[in-house]
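Participant: In order, the protein sequence lines correspond to chains Y and V.
Sequential numbering of the first sequence, starting at 0, is according to numbering that gives the first Met the number 0.
Sequential numbering of the second sequence, starting at 0, is according to numbering that gives the first Met the number 0.
In case anyone wonders, no lab produced these hints; they're calculated from the structure.
You may find that some hints are simply not true.
Stated by the list, open to error - Okay, the calculated bits of chain V under chain Y, using three or more residues with CB under 8 Å as the criterion:
no., region
1, 30-44
2, 66-73
3, 82-89
4, 207-215
5, 243-250
6, 259-269
Claimed, not checked - Some chain V residues well away from chain Y (every beta-carbon gap over 12 Å; in silico):
no., residue
7, A26
8, L156
9, I167
10, D430
Here a beta-carbon is modelled for each residue, glycine too, at the ideal position from N, C-alpha and C.
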Amino acid sequence: MVVLVQLRRALIYLRPYWHIALGSFLSLVIVSTANLISPQILRIIIDRGITQSDTRTLIWACIALIAVAVIRGIFSFTQGFWAEKTSQSGAYDMRNDLFEKIQTLSFSYLDQAQTGQLMTRMTSDVEQVRVFIGNGAVQLASAGVMLIGSVVILFAANWKLAIISLLTFPLMAVTIGIFVVRIRPLFGQVQAQLSSLNTVLQENLAGVRIVQSFAREPHERERYAKLNSVLLQTNLQAVRALSNNFPVFFFWANLGTAAAIWFGGHLVISQQLTIGDLVAFTAYLALLIQPLFTLGFLGSQLSRSAVSAGRIFEVLDAHNEVTDRPGAITLPAVEGRVEFDGVTFRYVGDERPVLSHVSFVAGPGVTVALVGQTGSGKSTIINLIPRFYDVTSGRVLIDGHDVRDVTLESLRSNIGLVLQETTLFSGSIRDNIAYGRPDTPFEQVEAAARAAQAHDFITSFPEGYDTTIGERGVGLSGGQRQRIAIARALLLDPRILILDESTSAVDAETEYLIQKAIAQVLRGRTAFIIAHRVSTVRNAGLILLLDGGTIAASGTHEDLLRDSPLYGEIIDSQFGRQTGRVEESPPTPLLAPTTTG
Amino acid sequence: MQQRAFTSLPAVTQQPVATLPVLRRLAGYLKIYRWRLIAVLGLVIAGAATSAGGPYLIGRAIDTAIRLGNGPLLNTIAVALVSIYAVSAVATRFQVALMGSIGQRILARLRSEIFATLQSLSLRYFDQHPAGDLMSRLLNDTDVLNQLFGQGIIQVLGSLFGIVGAIIAMLLLDVRLAIVSLLVVPLMFFTTALFSQISRRAFQRTRESIGDVSAEIQEEITGVRVAQAFNRTALNRQRFAVRNAANRDANVSAIAITSALMPTLGILSSMAIAVVAGFGGYLALHHQATVGTVVAFITYVQQFFFPIQQLANFFTTIQASFAAGDRIFSLIDSTPDLTDHPNAITMPPLRGEVVFDHVSFSYGSRRTSGLPEAGDEPEPELVLDDIVLTAKPGETTAIVGPTGAGKTTLVSLIGRLYDVTSGAVRIDGVDVRDVTRTSLRQQMGVVLQDSFLFSDTIAGNIRYGRLEATHAEVEAAARAAHAHEFIERLPQGYQSTVGERGGRLSQGQRQLIGIARAILADPRILILDEATSSVDTRTELLIQDALRVLLRDRTAFVIAHRLSTVREADHVLVLQRGHIVERGTHDSLLAAGGLYAELYRRQFRDDPAGSVP
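Take these sequences, add in the hints, and give me the full structure.
Facilitator: Right, here's the structure in full:
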């Protein structure tokens, strides 16, 4: 019954739209009533109009038939329309809630989550739930009303005839039930098999060079053929389930009609029933088929929808530990003193801490270079300053304020960030640079771009700052993206700057420009840099050498070269090829294409 | 019509499709099921006849048995009714089963044919058709055909024959009533067709709006860290809400159209019933029709409702499937532009000497496809112009030069991924066009910039170059490529699944696996396209070392981005705009002070690190 709990919770989303839902439901009652009235009119036409030769009744009954049809038409429109409107509105709210939640999810949740999965939850899961709770709820009500109404009327008309004609009804229900049980897993299988088949196709298109170069066409063909035949078999099973059940279902339904004609006919002969009664009776029998189908369909969707609802609420209920604490203050004007006080950090679920007892102080305006092997804790340190994660123990202080005591917004608006992965958004270049402060006047956007050495290539595009980038726009090179990301951070004029230097390879020209940009950016700010350039470490006011989550040594380049063997080793292996021993191999590709515009 | 090459994918299915050839082709696929199809047709007709027979019998029962009080006749008719229903059920069962299985088998066959065709096409084709486009088009088209074969044909046939059966029965019963009640049929049909026209446009809009929403979600999920860092979440929410609302409204207005269809049809159908009842009643009053006839007619009119709606719905599916079929068949029919020569021999085991003998190449030319170029076409631009080079067995040739110089094209010609426009590529003195492609390529290995991994285990990916390799050999190759260490650290080791879905490997790790794959294949000739994207220092060193192992004792062509590679190469070719402008070794070229020296110097100009002692 967990299933129903999830769906009931989803139903709450319809609450703001209860009046539309009610309208839909009332329409439904009217439609059902009209459906149940029509056979009665038919009965009157036959018994009183035709058999008793009553022309007036005949004409009026025909007019009534049309009138009922029009009323039914109008209300079945409002029923369907309002049901859809309710469900679309509920889905709209649900998507907004999901979006809001995802926007505020803490980094530790995002580390675990996969983009594709979150996508699925916001699109197909929401759609699945919407169809079920929106249309399903109304259809369920409709099916119930029609089933009960028809059965009641059948028994009221003639209970003996009703019993005889409904003998096959349980068989119909069982047949539909069997079909639902058999087809449900098959549909899932078909979907899964189709997607693996398409994966092979996709790989053969995207990887055509490898396939052809290794002459692996026969192997691929075999792989495809195998999956194709598995899919064929499943499809054939589905065909069999369909062909074995549906004709049987209709046979039971028809058998009921035949029984009604036969037994009812004898009742007419023995004058216990009129012909009109009999015709109306068979019409009510026909009304039973549709609701059964509906129930079968809803039954097949029930568990899927519940699973979807469960996945949606899993995201909505995700615990977010990084939130403003009650009474959090706005961080006052920042000077830029950053202090780590005995900071230990462990990722959720990990046993080993990534940082243990890290303490240091970076005064205002100091450039701090973080140096160390992969996994030594460099990224963790820069993630703790804007409070993307909360420390496991210890404190991170900015101008003496614990970052957990101030509002996230005031904290982060003082910190500029240039991450290793330069995520840009689809939109104009100007929008991207002004990302952190969308209402910035153009002059400041341009100034930021100039400082980031991006102005020249931006203006070389025909549309300049209005050039659309992203999926539907111009593709930028890695170096160009990076400089836009730098401009984006600069625009905030942050007191504290965080920068991950590990960059994708760019040509020499671009490399030079980026370094110039970075030098510009550092001026007058407290900066934390994950360093990959010797120039950076040489110019840094403070170098933190990290090893296995602790600070192994700190000081200036000269201090460390003198005192720390580990530092020398790392400088040799990571930066060595820049320290004059150029002939070994350069960090940046030799003779790479010049892609800068 | 049928040789038309599958060169351009029409944007949407808007232009008229020649239905006849498509029909003929489809008929070709149906041919082997000839007898089963005849059986299906028989079953469809039987089904239609029985479902038309039901109301007729009921009408007879009312008129001749019930009204006249003939009990025994009623019993007989009831038995007949049950038999008719039983026949109908059996007929439906077999017709659904037969047609369903035929449809699925044809689809499966079409899928394999599409796949086989794609495999026989040369790189030239894939250069012109981006994988993403091709993929979505193919998926869409087979899906449309799936709808047609899945249920479409049988529903259309069933509906058609159902209507025809009902019309015949009605005409037999009473011509005048039949004509009056049939008046509504065209009306219903046009209404449905009209609605489906309008709703198609509306649903097009909903597809666009949900596409917008998805794109936004995708982007914001990927960029959520940046959004948080820049305090943008509130603004993003507003922006999303706007698109989200547009999607909701598009859906609501689309549903307004579809919700109106059924009620409209219902009203039409009820009007027909009222007309039949009124006119039939009038006839009955004047003893020109019986009650049973009127009842039977009312049932027939109700029966029309469903098939007409189905037919109208499928009208659009059928249109779409003709367009889809047209595209699929023209793909299947496209002649492979690069085939084995009829007398092609098997390439003997290679020593590894590669000779380019005055090779020129242009992408525009199709001379090798057997179709001579039309003379009036402009001369296509040469990507490679008169390339002459010789690589002796075991030598490494590094190729450098700016983007677009023709480096990738040059190395692609060795494995005959394209055919030369003029001149010849010879390996061990044999023209590559005179041997089978399989025997040639099996002795070559390739490592590409983006090591393409298949959704398979890591072991499976390494084994790709030599399927029969044992696990020990796979592991040895991985060790040689310095991939063993990180593979072992994965939870499932060599059995970890990679590729699109499970791909958590870093760029550098993927490269190492690509190298292991080539080492295992142990080719005599190796093509290497060095990656430009940087990896962390440790991995970079591992890759360089692995490459050294890979290049040893093979004839290798390297599109080089690493100084270490160039320095160790036996020859360096500097390519510019399709010409070899300089050749020599790293040192001799540097000394010569030409283009190479300039490129080299530019690389280090202004590098502040370069001045560090």
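Participant: Run every hint past the structure and note whether it holds.
Facilitator: Hints, one by one, checked against the model:
1. 30-44: violated (count 0)
2. 66-73: holds (count 5)
3. 82-89: holds (count 5)
4. 207-215: With 4 residues close enough to chain Y, the hint holds.
5. 243-250: holds (count 5)
6. 259-269: holds (count 8)
7. A26: 21 Å, holds
8. L156: Correct as stated: the minimum Cβ-Cβ distance to chain Y is 15 Å, above 12 Å.
9. I167: Answer for V/I167: holds, closest chain Y Cβ roughly 20 Å.
10. D430: 18 Å, holds
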